[in-house]
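Chains D and V, in that order, are what the protein sequence lines are. For the first sequence, the residue numbers in numbering that gives the first Met the number 0 are 0 to 286. For the second sequence, the residue numbers in numbering that gives the first Met the number 0 are 0 to 243.
Just to be clear, a hint being listed does not mean it is correct.
Where chain D lies over chain V, by a calculated footprint (3+ residues, C-beta under 8 Å) [to be verified]:
{"#": "1", "stretch": "78-84"}
{"#": "2", "stretch": "88-94"}
{"#": "3", "stretch": "99-107"}
{"#": "4", "stretch": "113-124"}
In short, the hints are calculated from the structure, not lab data. The model shown is predicted, which means the values in this text are computed figures rather than measured ones. Cβ coordinates follow ideal geometry from the N, Cα and C atoms, glycine included.
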Amino acid sequence: MEYIFHIAILVSIYGILALAQNLVMGAGLLSMAGAAFYGIGAYTAAILAMKFGFNILTILIFAPIIAGVIALTVGSTFARFRDDYFMLATLGFLMIFNTVARNWEALTGGSFGIAGIPKPHIFHFTFGTPFSFMWLSFFLLLVVTIICYYISRSSFGRVLNAIREDEDALSVFGYKTSTYKLIIFAIGAAISTFAGVLFASYLTFIDSRLFTVNESILLWAMVILGGIGRNRGALLGALLLIIIPEGLRFIGFPVEFAALLRQSIYGLLLVFLMLYRPKGILGQYKL
Amino acid sequence: MKYIIETKNLVKNFGGVHAVDHLSINIPKGALIGLVGPNGSGKTTLINLLSGFFPHDKGAIFFSDSERRKILSWENKFYNITRTFQQIRLFDQMSVLDNILVVLTERNPFRALFERHTEYHIKQAEDILRRVDLYDKQFHNAGNLSYGQRKLLEIGRVLAMDTDIILLDEPFAGLFPEVIKKIEEIIKDLRTKGTSIVLVEHNMSIIRSLCDYLIVMDAGRLLAEGHPEKVLREPEVLEAYLGE
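Chain V with its partners taken away, still in its complex shape (with noise of 0.2 Å):
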């Protein structure tokens, strides 16, 4: 297996709007893949598509070599997918530290009535709240985090799913240095593990720092892919993404 995700001539319109309009593509397994482009350019959407949010139109998508033809979103745990979301989605009446069990506990809903959360699973997510530097606000309600804390959140539940790929929607966002530095840590870290990870951002430094590999995309179609550095200098990137 050379590629985790493939997509082939992947179409998704709304309406009369192409979002993603014949795209294909492939995210080789263990790399950190850079996913940007203009707004509105489908990269959102292709994190949906490929999530389980919408079904696609027309076109492919193979995970780990095989095809699935309808990808819902509730099987991405077998799948070992999952995502953030680039409007933070926490369970926001819920604690931080419910926030985290919810993800580690049982899916099969018969043995979620007998099951009760354990010792096991309360070390589990307060390590995991450590790494994200939350222990400490674990009985509050997520609700009333700080906006980088929520993004901090949504990363946590990312590692409690603890999968091979992980889709990443403008992670980095809107927040203070020293929250970027710690979830570029956390992003490095589960690259080491192997992780293949697909970030959506705009800040083309942190996309040169992480990323191996680009993929440029403009009104819903492929328009260059490659080397970050080397995808970043042509012309028609430039033109469509910087407006250089």
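Excised from the complex, chain D in its bound form (with noise of 0.2 Å):
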């Protein structure tokens, strides 16, 4: 049963990540910083429960507002960009948050990580075990998928949708197109430091190698499975790809092997979706 709270937990964290990430995409901008902020919001978590000893329910509160003065500050430069010019700057903002958190040993832990990262409380109940937790993250993917469908139904979801159509042509009707992307990027970016709190505090450990280009294209290939530009896809992407890598446990292959299967999946999947569905399973949206 555990493993199923476990499967739960992730689809819960990957599904805060895959709705940030489509609040980002849905407005055409193809970001590669998914990964960025959801590791900052895991070393926000773990540098104040394991140095400051907050709590990560306070925590909870602070990171998305560390992440979104970072994402405010670069993405004031990166809203500039668009298509192919803002993937290249955001994957150079994953790139630089690699390398810092590798190296940075006194902050970070560099290689080694952090590890102990405490479980969050609140009062005197604690969320220590993965059913407790369950609940906790579904709390959390409930509020950040209300969030989220607030925005798209609001005015600033339709410019968002026409920001990706047309950047240029919204512009001539009175639009800062490049404010909305900026706001857009911290919002997302805020977003997903809660997937990155839960993350550190349910596994207890984390390092620099959670947090690579590859789980910014396993965000992409949720978002794209699912469809751009709906939450519900962005959630049925989560699903999908959580649960069928997991089915990889059962078939017997060495555990090297089957994580190296899984990425080349997330590849070959993003492969045929450009090829045969670009608008993904339940999308309405070509990027």
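Mind docking these for me? Both chains are given alone in their own frames, and the hints should help you get the complex.
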């Protein structure tokens, strides 16, 4: 039964990440920075909990603010870019984050990472069991889902769609599109940290290898599989891409081979989707 | 204020090509100005400069007597100006209704986050879609419309902007007579409301029937200007534009 709870927690964490990625990609922003903000959330949780004794639930308030400020800072430059330039700029940001996380040993533990990250607690209750942690994850996923639906259905959400369609044409109608792009980039970053904080606390250990470009590609695959610009698509993508690779465990492949095969599945899936179903399973939009 | 738009010695170069070459023109308030010239004469470049799509290299542009040193397209709403495109640029994967609503709703991103379109917005959008004969298509994707319907939707977005100055870049190109008639009606209606319109067009009968004043460009320069009937008889215009 604990294995089911484990899968449910992973689906919730990646569901949050996919929803955040979908907000950004729904505006046509091909961001590779998803893993970086996920990592910033995780390291914020690890550092504040281990070095300063913060409760993980308190960190859920601070981490989005920290990531939001970082996203606004770097995003003020990135928001001038579009398409492949935006992708390359965010990829550069991810590489810088990863290099810092790997080498700043005093803060991040370097390649040894940070171990012993505590579980969240409220009053005298600790979310120490997979069952209780699952409900905390579900709750955060629900909050994030509500936020994402709210944004999608607002006038702001409609503008994001129009930016994806034709940013220059939209600007003629009085929209400063770079501000919209910057804001959604920061919101996406802030939301991703919820997943990072949950992940660090759930695993109790993090290191820089957990937040590489592979993780960003996985988020892309989830959003594209489910359908870009659809919140339910992002959730479906996260569900499928967590559950399907878990099936490899039961086939009996060696662990190392299963991990490689998982990456290959994500890569192949992206190629096939681009060829045969560019709108994804539930999507309405092509990139 | 006599002129709603003035350009003085306006210059725009693309590499070695002088797309707009020391152009000085005046657009009177409330007038419907025809802008004609052979292909590559700089008409669309001029529209792009006036709407902030490209920055100008030299010269000056005045809107309502005040110079705009740097024209930014997102400030067009503030300066009461809008445009259509020679190559239609709709939000293809959005519905016809959303193409109009996005023009009607909040520009400030923080207010837009907390705004949902209201019955008021829907009613306005539906009124506009009725005017451009697209009411029945409001839930279709803009990308699925026919060419003529796409042109009409562009006109619909211009109506939704409700600005004092409209720059129309070949709105009649490639259209059936019924659609041409519809767009002519809309333009005449806008004129009665005092809207200033710059119309880039190759069809001289449309120019003659709609425009008060004609500006002819050739190789980025002003070739002739004046009343359409008079200008279209000038020998240099006939030679440059009509090849006669």
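Going through the hints against the structure:
1. 78-84: holds (count 3)
2. 88-94: holds (count 6)
3. 99-107: holds (count 6)
4. 113-124: With 4 residues in contact (Cβ-Cβ under 8 Å with chain D), the coverage given for the stretch 113-124 of chain V holds.
Of the hints listed earlier, there is not a single one the structure fails to meet.
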